[in-house]
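Novice: If you want the building blocks of each chain, they are given just below.
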Amino acid sequence: MSLLLEARDVTKVFVTGGFAQQQRTLAVDRVTLNLSSGTGSIVALAGESGSGKTTLGRILLGLESPTQGEVLYRGHDIAKLGKQERRSFRRDVQAIFQDPFAVYNPFYKIDHIFNVVIGKYNLASSKDEARHLVEQAIQAVGLRPDETLGRYPHQLSGGQRQRVIVARVFLLKPKIVIADEPVSMVDASLRATILEALRALHINFQMSILYITHDLNTAYQVADNIMIMYRGSIVEAGDVEQVINQPEHPYTKLLVSSIPPPDPTKKWIDLSGMASPPFKGMTIDQKMCKFVDRCSVAFEECTSSDLPFFRTSDRRITRCLLYKDSSPVPRDAVLDY
Amino acid sequence: MPETALTVRDLVVHFHTRDGVVRAVDGIDLDLFVGEKLGLVGESGSGKTTLALAIMRMIKPPGRVKSGEIMLGDVDLQSVSDAEMRNLRSSEIAMIPQGAMNALNPVRRIGAQIIDGLVDHDQQGSQESLRSRARELLEQVDLDAEIADRYPHQLSGGMQQRVTIAMAISLGPKVIIADEPTSALDVVVQRHVIDTFERIQTASGTSVILVGHDMGLMAQFNDRIAVMYAGRIVEIAPVADIFARPQHPYTKLLVSSLPHTRNKEVMKGIPGLPPSLVEPISGCPFNPRCPFVMEKCLSIRPELTEGEQDSKVACHLPAGALA
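Chains as they are written, first to last, in the numbering used here: chain A, 9 to 345; chain B, 550 to 872.
Calculated directly from the structure, the hints in this document are not laboratory data.
All values derive from a computational prediction rather than experimental measurement.
No false leads were mixed into what you were given.
Dumping the calculated DSBU-like pairs for lysine-lysine here, alpha-carbon to alpha-carbon at most 35 Å:
1. B:Lys801 with A:Lys274
2. A:Lys295 with A:Lys261
3. B:Lys723 with B:Lys615
4. B:Lys813 with A:Lys274
5. B:Lys813 with A:Lys275
6. A:Lys261 with A:Lys332
7. B:Lys801 with A:Lys261
8. B:Lys813 with B:Lys801
9. A:Lys261 with B:Lys817
10. A:Lys181 with B:Lys813
11. A:Lys275 with B:Lys817
12. B:Lys817 with A:Lys181
13. B:Lys817 with B:Lys801
14. B:Lys817 with A:Lys274
15. A:Lys275 with B:Lys801
16. B:Lys723 with A:Lys274
17. A:Lys117 with B:Lys817
18. A:Lys181 with A:Lys128
19. A:Lys261 with B:Lys813
20. A:Lys117 with B:Lys609
21. A:Lys332 with A:Lys274
22. A:Lys128 with A:Lys91
23. A:Lys275 with B:Lys723
24. B:Lys813 with A:Lys332
Some chain A residues flagged as far from chain B (calculated, every beta-carbon gap over 12 Å):
25. Arg16
26. Phe27
27. Arg32
28. Ser49
29. Ala87
30. Arg94
31. Asp100
32. Phe213
33. Ser313
34. Arg319
35. Leu330
36. Pro336
In this text, a Cβ means the ideal position worked out from N, Cα and C, and glycines have one as well.
Construct the complete structure from the given sequences, taking the supplied hints into account.
Specialist: What follows is the structure, given as structure tokens:
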């Protein structure tokens, strides 16, 4: 295994509005995160909309530049990569996005997205070899080449289109895949197929996957580890089994209890007393727990201290003062996947 | 036999497109009992929203209700005049739309929009009493009464969806059709909105059809579930039976494809794709994807018939074959 992608103290502030009514939104707040290749780990990044999970994903992909901090690819800042390095970065770190309609150019046939990468990275020496590679990739995600190639994007369903994107990833064999809500626009009956295709990539080629989602059910099924994000900060991270089945942070508890279990014999957990809706009047700054205005167990100290993570078990850390008796984790040594 | 609030018989809705006639709803029989919460599930394109719109008589060209009968109590919704139908909407049968952000008028204050609905249905009263009624409705859906003075863009998605619920209940309808009311909301917000909706439903005894594809929400909210496939209902049964003893192969595959947080296992999707509704379907529409397909399924389309215990199923397999 080798360390491939590092986010160091990454912060992103979006500034909106005009001169007079300028609003600053802290989308990502000092996240430090390492993603290694060859470990073959799937890590989920979960949180509600507006928690900053997509922004963090885009920063890791180099599509958004951090306001503070830096992202390193093999030890080099991705903002300052040379031509060769940038090329290999673009190959090693691949993205799968939410909307399987928006990523295609409607004027080109499906073949185009394969031909571009084959040409760009010289994957094949002849047309026949190229064709063979593409067919192999398409079959690997459970599609039939003759029903896929030669067609235009609008002739495929959303689920098929998303699988074509997975096939493209298969063709490139990147080291890391950053998949941002890859199945949220796909029908329930097809979700499992796409997630299984992703998991097969991970098992067969030791690809590391960052699975960004708001859906804890699929995160649990797919991932080994999970990070829970709230208002730009990661509040709890660790083994997916532990985090989802015995959540520690009050926000994780709220999130887990809100999932409707797809089983009528299992009752939806009662939310009363667990947390209140966000209180609009309160300014949450970097120097306090971000959940303090909703938390039912908050105390004075929660509003004043810059919280570290506490290591509550071998495989889990939680950013909450309820666990301050556990040993604090130093800021620069966290979240290694 | 419980009293029925809404009866649908042999409903057929066609869309006339350039590619041909799309049979979006292809012969549906449905009974909604008084006070019942019925879930309507199916893949996109299975016809669930079309069915909901047809019941509200809101199908627009190129769509057309080809045949069938929709009875709200003893009123035939197909035969009443447009003016009468307009009056029945909201007062007798209301709809909560999918995207609240598109359902509210962006340039009118929330309170004024609620009052519009009341006035339109001849609710008499002074400006002051209407205004207090609007505030009361907002409080019923757990919103601050001051919201009445705000514009939609000043509210969050969850708050907007609550406003549409307040509008739907404003005239005390007997039936509410909610089309994926929370699919655009976060899971925590969804939970709060559904809790509110359920509390109001229990208090008023309104019958509800909840349209959606989130099987988790369906399992938690409903009394019965109707599963749609290719424009027809293929199974309808009490919610516990849908999950524990599905009788139609499609329901069985759908239930077993659901991810949950209990134990990790290999996820199985449903192979294949739903059929095109333009070409005539021979036999059972699920036959290309069905693992239990038989000779008969290729030529004869199964009718929805009585299955085990208060359920109906459209499948040639003998009763108990999937147990």
